[in-house]
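Chemist: As they're listed, the protein sequences go chains A and B.
Take 1 as the starting number for the first sequence in my numbering and just add one per residue.
Take 186 as the starting number for the second sequence in my numbering and just add one per residue.
In short, the hints are calculated from the structure, not lab data.
All residues carry an ideal CB built from backbone N, CA and C; glycine is no exception.
Please note that a few of the clues may not be correct.
Example chain B residues on the side facing chain A (calculated, C-beta under 7 Å, incomplete) [said to hold, decoys possible]:
{"no.": "1", "residue": "255"}
{"no.": "2", "residue": "280"}
{"no.": "3", "residue": "310"}
{"no.": "4", "residue": "325"}
{"no.": "5", "residue": "328"}
Keeping only pairs whose Cα atoms sit at most 35 Å apart, straight-line, the calculated DSBU-like set for lysine-lysine is [to be verified]:
{"no.": "6", "chain 1": "B", "residue 1": "207", "chain 2": "B", "residue 2": "316"}
{"no.": "7", "chain 1": "A", "residue 1": "77", "chain 2": "B", "residue 2": "258"}
{"no.": "8", "chain 1": "A", "residue 1": "114", "chain 2": "A", "residue 2": "13"}
{"no.": "9", "chain 1": "A", "residue 1": "72", "chain 2": "A", "residue 2": "86"}
{"no.": "10", "chain 1": "B", "residue 1": "207", "chain 2": "A", "residue 2": "72"}
{"no.": "11", "chain 1": "A", "residue 1": "40", "chain 2": "B", "residue 2": "247"}
{"no.": "12", "chain 1": "A", "residue 1": "46", "chain 2": "A", "residue 2": "77"}
{"no.": "13", "chain 1": "A", "residue 1": "46", "chain 2": "A", "residue 2": "13"}
{"no.": "14", "chain 1": "A", "residue 1": "115", "chain 2": "A", "residue 2": "72"}
{"no.": "15", "chain 1": "A", "residue 1": "46", "chain 2": "A", "residue 2": "86"}
{"no.": "16", "chain 1": "B", "residue 1": "316", "chain 2": "A", "residue 2": "86"}
{"no.": "17", "chain 1": "A", "residue 1": "86", "chain 2": "B", "residue 2": "207"}
{"no.": "18", "chain 1": "B", "residue 1": "258", "chain 2": "A", "residue 2": "40"}
{"no.": "19", "chain 1": "A", "residue 1": "115", "chain 2": "A", "residue 2": "81"}
{"no.": "20", "chain 1": "B", "residue 1": "207", "chain 2": "A", "residue 2": "46"}
{"no.": "21", "chain 1": "B", "residue 1": "207", "chain 2": "B", "residue 2": "217"}
{"no.": "22", "chain 1": "A", "residue 1": "40", "chain 2": "A", "residue 2": "86"}
{"no.": "23", "chain 1": "A", "residue 1": "86", "chain 2": "B", "residue 2": "211"}
{"no.": "24", "chain 1": "A", "residue 1": "86", "chain 2": "B", "residue 2": "247"}
{"no.": "25", "chain 1": "A", "residue 1": "86", "chain 2": "A", "residue 2": "115"}
{"no.": "26", "chain 1": "B", "residue 1": "316", "chain 2": "B", "residue 2": "211"}
{"no.": "27", "chain 1": "A", "residue 1": "114", "chain 2": "A", "residue 2": "77"}
{"no.": "28", "chain 1": "A", "residue 1": "115", "chain 2": "B", "residue 2": "316"}
{"no.": "29", "chain 1": "A", "residue 1": "13", "chain 2": "A", "residue 2": "72"}
{"no.": "30", "chain 1": "B", "residue 1": "258", "chain 2": "A", "residue 2": "115"}
{"no.": "31", "chain 1": "A", "residue 1": "81", "chain 2": "B", "residue 2": "247"}
{"no.": "32", "chain 1": "A", "residue 1": "72", "chain 2": "B", "residue 2": "211"}
{"no.": "33", "chain 1": "B", "residue 1": "247", "chain 2": "B", "residue 2": "258"}
{"no.": "34", "chain 1": "B", "residue 1": "211", "chain 2": "A", "residue 2": "13"}
{"no.": "35", "chain 1": "A", "residue 1": "115", "chain 2": "B", "residue 2": "207"}
{"no.": "36", "chain 1": "B", "residue 1": "247", "chain 2": "A", "residue 2": "114"}
{"no.": "37", "chain 1": "A", "residue 1": "114", "chain 2": "B", "residue 2": "211"}
{"no.": "38", "chain 1": "A", "residue 1": "114", "chain 2": "A", "residue 2": "72"}
{"no.": "39", "chain 1": "A", "residue 1": "13", "chain 2": "B", "residue 2": "316"}
{"no.": "40", "chain 1": "B", "residue 1": "211", "chain 2": "A", "residue 2": "81"}
Single-letter residue listing:
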Amino acid sequence: MKEKMVKQIQPTKSGDWLILTGSLITGGFLLLIFPGHEHKTLLAAKTILVELTWILPGILIFIGLFTVWVSKELVVKNLGKTSGIKGILMALVFGALPTGPLYVAFPLAAALRKKGASVSNVVIFLSAWACIKIPQEMVELQFMGLSFMTARLVLTILFIIITGWMVERVIPEFPQNKETNKKGR
Amino acid sequence: MNTTAIVINLFAFTGLVISLGKDRGKTVAALKVAWQVFLRILPLILLIVVLIGIMMGFIPRKLISQLLGEQSKFGGIMLAALFGSVLHIPSLIAFPLAVSFLNNGAAITAVATFITTLTMIGVVTFPLEMKELGRDFALLRNGLSFVVAVLIGLLMGLVL
Numbered sequence: 001m002k003e004k005m006v007k008q009i010q011p012t013k014s015g016d017w018l019i020l021t022g023s024l025i026t027g028g029f030l031l032l033i034f035p036g037h038e039h040k041t042l043l044a045a046k047t048i049l050v051e052l053t054w055i056l057p058g059i060l061i062f063i064g065l066f067t068v069w070v071s072k073e074l075v076v077k078n079l080g081k082t083s084g085i086k087g088i089l090m091a092l093v094f095g096a097l098p099t100g101p102l103y104v105a106f107p108l109a110a111a112l113r114k115k116g117a118s119v120s121n122v123v124i125f126l127s128a129w130a131c132i133k134i135p136q137e138m139v140e141l142q143f144m145g146l147s148f149m150t151a152r153l154v155l156t157i158l159f160i161i162i163t164g165w166m167v168e169r170v171i172p173e174f175p176q177n178k179e180t181n182k183k184g185r
Numbered sequence: 186m187n188t189t190a191i192v193i194n195l196f197a198f199t200g201l202v203i204s205l206g207k208d209r210g211k212t213v214a215a216l217k218v219a220w221q222v223f224l225r226i227l228p229l230i231l232l233i234v235v236l237i238g239i240m241m242g243f244i245p246r247k248l249i250s251q252l253l254g255e256q257s258k259f260g261g262i263m264l265a266a267l268f269g270s271v272l273h274i275p276s277l278i279a280f281p282l283a284v285s286f287l288n289n290g291a292a293i294t295a296v297a298t299f300i301t302t303l304t305m306i307g308v309v310t311f312p313l314e315m316k317e318l319g320r321d322f323a324l325l326r327n328g329l330s331f332v333v334a335v336l337i338g339l340l341m342g343l344v345l
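The shape of chain A in the complex, shown without the other chains (with noise of 0.2 Å):
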């Protein structure tokens, strides 16, 4: 069970390395072609890494606890079956609490379907999971400060569950059988 989980995390990707490298070579040759930019060039990125390397311990030890302790099981099963205003505040902590990347969320929000959740629940699952992720609100704490996060984080959580409503208003139900399925609807 620990093994599964430790084993969806991707690996990095060596072109992400190689992309780096070459960003890098890029930045050199600006720097020397174009002099007088290095002060502006090196406090901007500067300010950048401190920041990060501050935040980043907390962010990724969150993370790696929420994954851990939080099991896709525990969701699929609570979120199945609730409807209603309870229904919504489920989906929408379940779907911020960070238990893994959004290529999880689909599978798990297909799940879900198949075990009786609304259209809506499912919509307010996944926006939740893209968009209001708790590693990433302290993310934005962090850099944009606490106005413009509480002010985001109010205004998405509205309109997140009136997207839910509008999906569910032209999708009242998913297709149930596989053979509708297969054809892609």
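Got chain A sorted already, so can you dock chain B onto it with the hints?
Modeler: For chain B alone, kept in the frame of chain A given last:
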């Protein structure tokens, strides 16, 4: 200065201690996950540091405020919305980028819209969403999210 970071780290370490008291094995597994996430995002973090350095060093403030600032009006918001929809980067490194834009002439509206489309809409993950939840669902959710993101951006501009 860095109160936020200190508070967050304190919370995290408290959680870690509680977790350790409850289940040693699970806590070790949690640290392993944390380490793997770190290794995965490390090149991206360094990349964003370099890119922000280059951008802030070389792109004149005037250009940023022309494209994304108050005077860019609705065009700037749409540019930010499209940019955020297509881009596929972890939100963790999106905020440093966003705050650099904000400090260099971009409007709150454009920055808030960018962050919202960036997280809510996934052009890259769209095929997966379609496969798991159906085409209509994926189209509708992403489409509505685009409109919603612009609305959130506009409201943020009014509030702040």
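Chemist: Compare the structure with each hint and give your call.
Modeler: Going down the list of hints, with the structure as the test:
With its C-beta approaching chain A no nearer than about 16 Å, residue 255(B) sits outside the 7 Å limit, and its interface hint is violated. Contact between residue 280(B) and chain A, as hinted, is supported at the beta carbon level, the nearest pair being about 4 Å apart and thus within 7 Å. For residue 310(B), the suggested interface contact is upheld, since its CB lies about 6 Å from the closest CB of chain A, less than 7 Å. Annotation: residue 325(B) was flagged as interfacial toward chain A, and the flag holds, the nearest CB pair being 5 Å apart, inside 7 Å.
Annotation: residue 328(B) was flagged as interfacial toward chain A, and the flag is violated, the nearest CB pair being 10 Å apart, outside 7 Å. A threshold of 35 Å between alpha carbons decides the hint, and for residue 207(B) with residue 316(B) the separation of about 39 Å lies outside it, so the pair is violated. In summary, the hint linking residue 77(A) to residue 258(B) is not supported, as the alpha carbons are separated by about 46 Å, beyond the 35 Å threshold. A C-alpha spacing of about 33 Å is found between residue 114(A) and residue 13(A), which places the hinted pair at or below 35 Å, so the restraint holds.
A distance of roughly 19 Å separates the Cα atoms of residue 72(A) and residue 86(A); the hinted pair therefore holds under the 35 Å criterion. Of the pairs offered as hints, the one joining residue 207(B) and residue 72(A) holds, with about 20 Å between alpha carbons and a cut-off of 35 Å not exceeded. Distance restraint check for residue 40(A) and residue 247(B): the Cα-Cα separation of roughly 15 Å lies within the 35 Å cut-off, and the hinted pair is therefore satisfied. Between residue 46(A) and residue 77(A), the direct Cα distance comes to roughly 45 Å. Violation of the 35 Å bound is thereby established for this hinted pair.
With a C-alpha separation of about 25 Å, the suggested pair residue 46(A) and residue 13(A) falls inside the 35 Å cut-off, and the hint holds. Pair hint residue 115(A) plus residue 72(A) holds up; C-alpha atoms about 13 Å apart against a cutoff of 35 Å. This hinted pair does not check out: residue 46(A) and residue 86(A) have alpha carbons roughly 45 Å apart, beyond 35 Å. Between residue 316(B) and residue 86(A) the alpha-carbon distance is near 28 Å, which keeps this suggested pair within the 35 Å criterion.
Distance check on the hinted pair: residue 86(A) and residue 207(B) sit about 29 Å apart at the alpha-carbon level, within 35 Å; holds. With a C-alpha separation of about 28 Å, the suggested pair residue 258(B) and residue 40(A) falls inside the 35 Å cut-off, and the hint holds. Taking the CA atoms of residue 115(A) and residue 81(A), the gap is about 7 Å. The hint holds against a cut of 35 Å. For the hint pairing residue 207(B) with residue 46(A), the CA-to-CA distance comes to about 39 Å; that exceeds 35 Å, so the pair is violated.
Pair hint residue 207(B) plus residue 217(B) holds up; C-alpha atoms about 17 Å apart against a cutoff of 35 Å. Restraint check for residue 40(A) and residue 86(A): not satisfied, since their Cα atoms lie roughly 50 Å apart, outside the 35 Å limit. Taking the CA atoms of residue 86(A) and residue 211(B), the gap is about 29 Å. The hint holds against a cut of 35 Å. Note on residue 86(A) and residue 247(B): the hinted pairing is violated, with a Cα-Cα distance of about 49 Å set against a maximum of 35 Å.
At roughly 17 Å between alpha-carbon atoms, residue 86(A) and residue 115(A) fall within 35 Å of each other, so this suggested pair holds. Simply put, residue 316(B) and residue 211(B) have alpha-carbon atoms about 33 Å apart, close enough for the 35 Å limit, and the pair holds. Pair hint residue 114(A) plus residue 77(A) holds up; C-alpha atoms about 11 Å apart against a cutoff of 35 Å. Pair hint residue 115(A) plus residue 316(B) holds up; C-alpha atoms about 17 Å apart against a cutoff of 35 Å.
At roughly 25 Å between alpha-carbon atoms, residue 13(A) and residue 72(A) fall within 35 Å of each other, so this suggested pair holds. The hinted pair formed by residue 258(B) and residue 115(A) fails the criterion: a straight-line CA distance of about 45 Å is larger than 35 Å. For the hint pairing residue 81(A) with residue 247(B), the CA-to-CA distance comes to about 54 Å; that exceeds 35 Å, so the pair is violated. Between residue 72(A) and residue 211(B) the CA atoms are separated by roughly 15 Å; this keeps the pair inside 35 Å, and the hint holds.
Between residue 247(B) and residue 258(B), the direct Cα distance comes to roughly 15 Å. Compliance with the 35 Å bound is thereby established for this hinted pair. Distance check on the hinted pair: residue 211(B) and residue 13(A) sit about 27 Å apart at the alpha-carbon level, within 35 Å; holds. Under the criterion of a C-alpha separation no larger than 35 Å, the hint pairing residue 115(A) with residue 207(B) is consistent with the structure, at around 31 Å. Between residue 247(B) and residue 114(A), the direct Cα distance comes to roughly 52 Å. Violation of the 35 Å bound is thereby established for this hinted pair.
Distance restraint check for residue 114(A) and residue 211(B): the Cα-Cα separation of roughly 29 Å lies within the 35 Å cut-off, and the hinted pair is therefore satisfied. This hinted pair checks out: residue 114(A) and residue 72(A) have alpha carbons roughly 14 Å apart, not beyond 35 Å. The straight-line distance between the Cα atoms of residue 13(A) and residue 316(B) is roughly 24 Å, inside the 35 Å bound, and the hint therefore holds. Taking the CA atoms of residue 211(B) and residue 81(A), the gap is about 28 Å. The hint holds against a cut of 35 Å.
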